[in-house]
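Can you build the whole structure from these sequences, using the hints too?
Residue numbers (the numbering used here), protein chains in the order written: chain V, 1 to 458; chain F, 459 to 642.
Not one of these hints is a red herring.
No farther apart than 25 Å at their CA atoms in a straight line, the calculated lysine to aspartate or glutamate pairs in the DMTMM-like style are these:
| id | chain 1 | residue 1 | chain 2 | residue 2 |
| --- | --- | --- | --- | --- |
| 1 | V | K163 | F | E625 |
| 2 | F | K634 | V | E136 |
| 3 | F | K472 | F | E503 |
| 4 | F | K623 | V | E162 |
| 5 | V | K305 | V | D441 |
| 6 | V | K369 | V | E351 |
| 7 | F | K623 | V | E152 |
| 8 | F | K634 | V | E111 |
| 9 | V | K380 | V | E351 |
| 10 | F | K613 | F | E625 |
| 11 | V | K430 | F | E529 |
| 12 | F | K472 | V | D293 |
| 13 | F | K634 | V | D222 |
| 14 | V | K340 | V | E319 |
| 15 | V | K435 | V | E162 |
| 16 | V | K435 | F | E561 |
| 17 | F | K634 | V | D114 |
| 18 | V | K113 | V | D71 |
| 19 | V | K163 | F | E626 |
| 20 | F | K540 | F | E465 |
| 21 | F | K634 | V | E220 |
| 22 | F | K613 | V | E152 |
| 23 | F | K623 | V | E136 |
| 24 | F | K472 | V | D209 |
| 25 | V | K281 | F | E561 |
| 26 | V | K435 | F | E625 |
| 27 | F | K613 | V | D105 |
| 28 | V | K281 | V | E437 |
| 29 | F | K613 | V | E136 |
| 30 | V | K281 | F | E529 |
It is worth saying that the hints were derived from the structure and are not from the lab.
Here is how the chains run, residue by residue.
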Amino acid sequence: MRKGSQIARRKFLTTAAKSVGLGAVGFPHIIPSDVLSAPGRMGANDRIYIGHIGMGGRARGLWRELKGLRDAGAATSVAICDVDRRALDRTNKDSVAPGAQVYHDYRALLERKDIDAVVIGTPDHWHGVQFVHAAESGKHIYCEKPACCTIEESRAMVAAAEKAGVVSQIGSKGRSQPEAYLMHRYLANGVIGRVHHVECFHYPSPVDDSGTPDSDPPPELDWDLWLGPLRWRPYNERYCPGRFRWMMESGGGQIRDRGAHVMSCALWWMGADGTGPVTVKATGTPPDQGVWDAAVLMEVTYTFKNPDWKMTWTQMPEEDLPAAEERTPDELNDEITPIKRPGYGAIYHGEPGTCMHWGGDGGTWAERKVRQWQPPAGAKEVYRSPGHFEDWYECIRSGRKPIMDIRAGAGVANLCILGNLSYLLGRELKWDQEKQEIVGDEQARRLMTRPQRHPYHL
Amino acid sequence: MKEAQIEQLIAGIKSQEPEQRTVAWRSAGSVGAPAIQPLASLAAERNHEVGRAANRAIWQIVRSAGTPGQEEGKSEVIGALKALLTGETPVSLQRDIIWMLSEIACADCVADDLSALLQSPELREDARCALERIPGQSSLNALREALQTVPEDFKMNIVQSLRAKGEEVPGYPCRKLALAERAG
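Have a look at this one:
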């Protein structure tokens, strides 16, 4: 975790704690939260008890990012879960989760009434089902991005969260970064005029050139439970861990893995949450070999109407990427850091100006003129997130809508899904945002759903 | 003309050059249904990359056949796919074929074929999913009838699909959150 984020979170927790009359390290301790709370509502002690579903690489990152809340006594991680014994063993070896009860099956974790909230850090193909089940169990939810793999899942997740009244946050945490706030404020104040094109760029998805054949799964891995809702197929070590990202069914390539960050920032800054494109057209280049099938190179155009603007997503060769800004030492501080991820971001084309950012996930870097812009008197202010987990926590306490709740998360995931569907089908798709459905293409409409293997269903 | 196209396609799929295989499978949509049987023969090729390219070529044909307004070509593709649902086709390819049909086949033209597969221990779950995805009365009826005929251990799977289609099915409490369940 970046130092700047830790500092920002500590500041937030101090402020948040004072606002409810509690010291930053003085949250009352060990009152089982279900004694004083109801599903969807915090108990009097304001400490949330959390279960972690998934403990692989990214999930352990989520664990670390929750440290600020744990250290402040606002959260206690009481349970961890994974279908791969090796992930749990690594967790134990690193003393990542001392005292947490260990589960193999997330459904056992959901049965615990003392758990207020879950952090879902499993492969993408599990997000929809586990999110819905967690909501139905009355748990608040932090779910890693992208929110889901199908349009049907996105609808079900929104419905389940709203019906249960739980607070959800999708992990497109670029929205909560310090420089994301600066970009948002700059654009919202019209410094570059009306934005008519958001040009997202990213380096290619990888190619599997290992020639690895299918095999028996390792004994530590419950392959059936890893697949979950996906249709059954033999194990191949190029599926997991982590490599699911490059499979269309379970990940979807860079457009989903990072599109869920960069396009999330775009919808937030454009004030376009809750809107959607009217058409989506994608072309791309598939990998020449290997089990991974996500597009290596890709060009997607999303056309929005009323107001009219377009967003493009381009996975391009590394040598074609726009150059990253050089930052001088005197510019750097706790929040302004060197650009560590120059390979993705977006250019905002306005009338008449442009501006640019790099990254868009845990690191978001705005170009110099954005960072140096001083708002004039009367300038429009925008929301400044205290940190992605901290925003979620504060919303659980207050009932306010999180910066990336499931409605927003589903909207971004839908963009990623539609881009991949258009690429797979090789044709433009028409999207009805109001009805949340593809129109005029029966095959594409069927692909809005993916029937799930019993019993792993929504 | 079509034979020459098929010959060229198959030669490309069998190429030892990855780029040529990719060019070949991406062009398969324009060749269409007549290429499906020869491609299926290659899908079980010992060279995994050749088999994978053949499989992707069939998918490409299916994705092309589903283009709005291509009804005639689609019927031929569906027919060629159905012809592969026999014991002579490897199970792994039959699974793919079932999912291909779920994207483009109408209920009336595949419900019987998929219903028969609900009795196959190896293919029944994929067939059940396909019937769930395919809209229409015939697929719904096939699932309703299957509830009376499939083995006890598969009935909940059928119930899952019926409920996904909006049916109320009393007497089978949902077990999606029950522990120790495993896929059939």
